[in-house]
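Student: Hey, can you piece these two chains together into the complex? The hints should help.
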Amino acid sequence: MTADDHHVHDHGSELSDMQLRVRALETILTEKGYIDPAALDAIVEACETQIGPHNGARVVARAWVDPDFKRRLLEDATKAANSLGHVSPVGAHLIALENTPELHNLVVCTLCSCYPWEVLGLPPVWYKSAPYRSRAVIDPKGVLADFGLKLPEQTKVRIWDSTAETRFLVLPMRPEGSAELSEEQLAELVTRDSMVGTGLPKSPADAKRGASR
Amino acid sequence: MSNTIHDMGGMHGFGPVEPEPDEPVFHEPWEGRVMAMQRAMGYTQLWTIDGGRASMEVLPPVAYLAASYYQRWFLGLEKRVTAHGLVGADEIKAGKSLRPGRRLNRKLTAADVPNTTRRGNFERPAPAPAKFKTGDKVQTRNINPTTHTRLPRYARGKLGTVEAVRGCHVYPDTAALGDHEHAEWLYTVVFTGRELWGEEADPSITVSIEAFEPYLGAA
Numbered sequence: 001m002t003a004d005d006h007h008v009h010d011h012g013s014e015l016s017d018m019q020l021r022v023r024a025l026e027t028i029l030t031e032k033g034y035i036d037p038a039a040l041d042a043i044v045e046a047c048e049t050q051i052g053p054h055n056g057a058r059v060v061a062r063a064w065v066d067p068d069f070k071r072r073l074l075e076d077a078t079k080a081a082n083s084l085g086h087v088s089p090v091g092a093h094l095i096a097l098e099n100t101p102e103l104h105n106l107v108v109c110t111l112c113s114c115y116p117w118e119v120l121g122l123p124p125v126w127y128k129s130a131p132y133r134s135r136a137v138i139d140p141k142g143v144l145a146d147f148g149l150k151l152p153e154q155t156k157v158r159i160w161d162s163t164a165e166t167r168f169l170v171l172p173m174r175p176e177g178s179a180e181l182s183e184e185q186l187a188e189l190v191t192r193d194s195m196v197g198t199g200l201p202k203s204p205a206d207a208k209r210g211a212s213r
Numbered sequence: 001m002s003n004t005i006h007d008m009g010g011m012h013g014f015g016p017v018e019p020e021p022d023e024p025v026f027h028e029p030w031e032g033r034v035m036a037m038q039r040a041m042g043y044t045q046l047w048t049i050d051g052g053r054a055s056m057e058v059l060p061p062v063a064y065l066a067a068s069y070y071q072r073w074f075l076g077l078e079k080r081v082t083a084h085g086l087v088g089a090d091e092i093k094a095g096k097s098l099r100p101g102r103r104l105n106r107k108l109t110a111a112d113v114p115n116t117t118r119r120g121n122f123e124r125p126a127p128a129p130a131k132f133k134t135g136d137k138v139q140t141r142n143i144n145p146t147t148h149t150r151l152p153r154y155a156r157g158k159l160g161t162v163e164a165v166r167g168c169h170v171y172p173d174t175a176a177l178g179d180h181e182h183a184e185w186l187y188t189v190v191f192t193g194r195e196l197w198g199e200e201a202d203p204s205i206t207v208s209i210e211a212f213e214p215y216l217g218a219a
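Residue numbers (our numbering), protein chains in the order written: chain A, 1 to 213; chain B, 1 to 219.
Just chain B, same shape as in the assembly (with noise of 0.2 Å):
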């Protein structure tokens, strides 16, 4: 979903940040087991990289607060493969599987990893030119989508500068609705400090954002 609790860039409270030194690449077995979990079953192509987003946006704030990140990937994953009828409510509750399986386009093997270790390719032909080019000035778009949107809350409404054409790429909002393959214009958009944080905003940041072109129009 869209203005839900995953969209935190700006918020307060938080508190510091806490490196830990020395830290290990999994703190539980279980960590590896869920990250592994979800890498296979994506390998499946069921869903894209968005649509297991959009599962975790959909945690209640409590619950995406209180979970650890591999806990909110866990229920994430729970419960993609339940609303996609691949396991049902009664096994989860049961812990074992109750009847056969749904067969799959694709099944991850030991042999196929070395080869998925590199990221997918996002990028698509484009349907149509693309409408800016470096130095435009654009505003982006203030939408509220109940749906899945990469256009965080605090981007919203705010002029900036277009500083790179990344190419036409899988668009997310239309992604995770099921629509896999749908591709739309990428650009890097930067922002002054003080137009996403006022005047009393250091003047020395700029921050910039990866805006699909449907967040943007010319300023």
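Next comes chain A alone, as it looks inside the complex (with noise of 0.2 Å):
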């Protein structure tokens, strides 16, 4: 859609406050020659096909299965994900964070919402939440039962408050009975939320179930 396509007026009272304003500010940055809506088109679609959690995934499953890109990976993540062709291109200070069972990293933003866009797409809205930007840091486990998840009595649990321009991706352990799996299968198991700390990788068998998220 550009700002030449808004009819605000044809069907006015069907639009939004907000869909009316937006059009509003996109018509006025247009006229005045700051923004050009096919620019505006083809970050969305950007956003909509290319950049998602399937380019994180890939970089984790990559990580299970050469124990070289691993290291590299814990050592400078953004540069062991561009080093993936086919992984769209990540900034700078991406850190990987690997979960073992005597420790498990959340990711949260309390400030505000940041987080690793390029290996994971866009924050969904519970990220950018007053519920989860405020109890990660104090109640975990509480919110990590609210994603239907407990850990082992034994696993401590480590909390990275993204309050800069690094960014974190977790790198979490690889299911168990998922040794005959080739890369691309494994990356099939690995969830968003199991890169961001709120869940954990599905496994084989609720991989064929076609559980989501």
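These are calculated hints, taken from the structure and not from any lab test.
In this text the structure is predicted, and so the values were computed from the model without any measurement.
Among the clues, some could well be false.
[What the hints assert, rightly or not] Straight line, CA to CA, 27 Å or less: simulated DSS-like cross-link-like pairs of lysine-lysine:
1) B:Lys107 / B:Lys93
2) A:Lys156 / B:Lys137
3) B:Lys133 / A:Lys79
Tutor: This is how it looks when you write it as structure tokens:
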């Protein structure tokens, strides 16, 4: 949709206040020559089709099958992710956090919504919501319970508050029973939430049943 | 601003987290337009990401909480384009341009978009060596500036340990005020749950923030 397609007055009553205000601002900025609606179209399309958690899933799956890649990922995740030709380019300061049986990592941005969108796409509403931002740092286990996740007693939880331009990607543990799977099949097990820390990867059995999230 | 409603870490009362199954990228088409306008106006380099954040943080608390995420972006963007004199309040009111625009440094075209999906690099040459190293004990400062900062309230005046030195990065506190290049050393500083939340806190949790050097003193 471009500014030219907007026929605000034709069916104004059906449009929400936000739609009208956003269209008006887009019109003003376009008429003043500050923005090009075609560029806006391209950005929206990239967000809806190209960037998304499938990029992060490929990084994780590679780390599960390639110990050298995993070492490089934990050393410099931006460099390692960019070395996979099929992943969209990742900006500076991506940091990979390895989950182990002893330690579970959880990522939040208490101040706004910082999120590694090049590898995970735009953040879901819950990540940007007051309940998540307020509670993740003080009651992480309660937050995990909201996601139906209960960790073993001995597992410690580390919360990473994204207060600067560094970005965090959780490297979840490879699920049991996945030894026979190819890298591509493994990537199918890696959920977005498992790379934020609010979930675990799907088990191969779940994946067969078509479980989501 | 500093002690405003956006600084939510540790607050109670917002209820459970409610994940949405099969959530769409945008819930309404206007959300995508707002996101894209934000990106396109950011490309003009008139303000930094911190200037953008600061303009949302100054929203009145009630408006901030009542607004959805992209509504906040929209309100912040409207505020910013008028504050920078790019658009007049009369034009916002009229819903159309009433006079020619200013000449800007850069304008984002569709052809540029593939090159802008990668985040910028905020690291800068260090003007001085880092004061702290991995393993150092530090105490975060108790600061309450009325301008933008990235030191959350829950982590002020607390004892922590430097876990990593992340390089020298553009300093948000001054970037939001217009100095887009001033850089400071950035550290990952980790705190125990008990240091942050008291004796009753779960001993199995630790929390880290990304802390700029001016936020830290030796402990």
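Student: Of all the hints numbered above, which does this structure not satisfy? Sort the numbers upward.
Tutor: none
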